[in-house]
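Student: Sequence:
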Amino acid sequence: MKCQVKDIELFYELCGSGRPILMIHGYYLDHQVMIGAMEPIFAGHPGWQRIYFDMPGMGQTPGPDWVNSSNDMLDVVDAFVEEVLRDRPFAIAGLSYGAYIARGLLQRRFEQINGLFLFAPVVAPTGTDEHRPSHEILVQDDAVMAAMPEPFRPQLEGTMVVQDGRIFNRLPTEFAPGFMGADRPFLQKLRERYAFTFDLNDLPESFTKPALIIAGHQDSGVGYWLPTQLVTQYPRATLAVLDRAGHGLNLEQAGLFNQLAADWIQRMVEAESGTPYDTMGERVIRASVDVDTAVPQAWQAWTTKEGVTSFFAPACHIDLRVGGAYEMYFDLDAPEGERGSEGMQLLAIEPERLLSFTWNAPPHLKKVRGQRTAVTIRFYPLPGDRTRIVLTHSGWGEGDEWDEAFAYFGHVWPAVVLDRLKAYLTGETIFAAG
Numbered sequence: 000m001k002c003q004v005k006d007i008e009l010f011y012e013l014c015g016s017g018r019p020i021l022m023i024h025g026y027y028l029d030h031q032v033m034i035g036a037m038e039p040i041f042a043g044h045p046g047w048q049r050i051y052f053d054m055p056g057m058g059q060t061p062g063p064d065w066v067n068s069s070n071d072m073l074d075v076v077d078a079f080v081e082e083v084l085r086d087r088p089f090a091i092a093g094l095s096y097g098a099y100i101a102r103g104l105l106q107r108r109f110e111q112i113n114g115l116f117l118f119a120p121v122v123a124p125t126g127t128d129e130h131r132p133s134h135e136i137l138v139q140d141d142a143v144m145a146a147m148p149e150p151f152r153p154q155l156e157g158t159m160v161v162q163d164g165r166i167f168n169r170l171p172t173e174f175a176p177g178f179m180g181a182d183r184p185f186l187q188k189l190r191e192r193y194a195f196t197f198d199l200n201d202l203p204e205s206f207t208k209p210a211l212i213i214a215g216h217q218d219s220g221v222g223y224w225l226p227t228q229l230v231t232q233y234p235r236a237t238l239a240v241l242d243r244a245g246h247g248l249n250l251e252q253a254g255l256f257n258q259l260a261a262d263w264i265q266r267m268v269e270a271e272s273g274t275p276y277d278t279m280g281e282r283v284i285r286a287s288v289d290v291d292t293a294v295p296q297a298w299q300a301w302t303t304k305e306g307v308t309s310f311f312a313p314a315c316h317i318d319l320r321v322g323g324a325y326e327m328y329f330d331l332d333a334p335e336g337e338r339g340s341e342g343m344q345l346l347a348i349e350p351e352r353l354l355s356f357t358w359n360a361p362p363h364l365k366k367v368r369g370q371r372t373a374v375t376i377r378f379y380p381l382p383g384d385r386t387r388i389v390l391t392h393s394g395w396g397e398g399d400e401w402d403e404a405f406a407y408f409g410h411v412w413p414a415v416v417l418d419r420l421k422a423y424l425t426g427e428t429i430f431a432a433g
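In numbering that gives the first Met the number 0, the protein residues as written are 0 to 433.
Just so you know, these hints were derived from the structure itself, not from any lab. Worth double-checking, as some hints may not be accurate.
[To be verified] 20 Å max Cα-Cα, derived SDA-like pairs, lysine to any residue:
| id | residue 1 | residue 2 |
| --- | --- | --- |
| 1 | Lys-208 | Gly-103 |
| 2 | Lys-366 | Pro-334 |
| 3 | Lys-365 | Phe-329 |
| 4 | Lys-421 | Pro-313 |
| 5 | Lys-304 | Val-294 |
| 6 | Lys-421 | Arg-377 |
| 7 | Lys-208 | Tyr-276 |
| 8 | Lys-365 | Asp-330 |
Based on the sequences and whatever the hints tell you, model everything.
Tutor: Below, the structure written as structure tokens:
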């Protein structure tokens, strides 16, 4: 979608409906990095409209000559908010430079903003920070780094303290579009006037709405010390400094990041509704997709060999009865027991209405691989021979590997499996039928 802001056609994308949250990406990136960071969280928290956009000179928004400073950039973002939100209350989430812009927007729209989330935030863009750590690599997969395309190698080596396959797999969709499409001359010019010309701490009063600040303890880019000092401005802020995390903390510590962000979302709902939320409540992944095909065809996509091997996995074993096998084989060359969802079973079947099956964690999460969670797929007919498919994934335990599995499937179900399903049902083949 495009929004005319002054003389700029600003690109943006809307996801979901309900309370609005404005997502502001970092420097040399675009809206895709925020989609990758935030969408897995909202799989379990419906009722929010996520507004992703590209700032000038990044992604699909051109950089005009008159945008020469962060003050100018803030003017553009403020004008965009005026166009798409008017006077509606909204929350903001910002990454790095996007967090810096978010704080500028808070000063301008203090009463309108009902929540603030800053991660890996730029605090003093031209200042020094004696506490900023030197870069170090804590985890590195040599095979992954050897396969790293050259445009990304310096970025990954210089900012990430965890360099492994999980991060490598997220680069093509979350980082590549922005990194490759950035208008470098424009951004280098803007960098000369990177700091605001006003004091960001000059607020009307303390910001008493729910806030969240996350910093990486090993972040050699923006550091961790200055972000921690922001907490005095926000009495209702949760502050977290994550070990094993640099400037890519949402990738390096995905499980913790998702939990903290989910808590922020729940605190905002609580503040608005006055109803306390259960901090010990069951966490659930929810995802849905509307497809341009009738329910019988959507049902067959999940329940037949021809269907699942065209979008879900290259091979499978399905015995369509309660207690029967529902096994997807994702890696045909892996050792037996590590090819995919081996040993999984069907729990419930209501033809063309409901399909439920057990599920397991990926093979690299060895501690919880032997445990079982539950996935339920529901099929709802829509007008015009269309179908809404709603996926629920529940039964999660507690601990680091459980958190990592939750974060993994919170991304994979909506962004990979359901996207592939929609493509398959519109005629595209993802896998050749096995």
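Student: Against this structure, judge whether each hint is valid.
Tutor: Consistency of the hints with the structure:
Between Lys-208 and Gly-103, the direct Cα distance comes to roughly 16 Å. Compliance with the 20 Å bound is thereby established for this hinted pair. A hinted pair counts as satisfied when its Cα atoms are at most 20 Å apart, and Lys-366 with Pro-334 qualifies at roughly 18 Å. Pair hint Lys-365 plus Phe-329 holds up; C-alpha atoms about 17 Å apart against a cutoff of 20 Å. About 17 Å separates the Cα atoms of Lys-421 and Pro-313, which keeps this hinted pair within 20 Å; it holds.
Using a Cα cut-off of 20 Å, the hinted pair Lys-304 and Val-294 holds, with the two alpha carbons roughly 17 Å apart. Only pairs whose Cα atoms come within 20 Å are accepted, and Lys-421 paired with Arg-377 is accepted, the gap being roughly 15 Å. Distance hint between Lys-208 and Tyr-276 is fulfilled; the C-alpha atoms sit about 16 Å from each other, no more than 20 Å. For the hint pairing Lys-365 with Asp-330, the CA-to-CA distance comes to about 16 Å; that is within 20 Å, so the pair holds.
When held up to the earlier numbered hints, the structure conflicts with none and fits them all.
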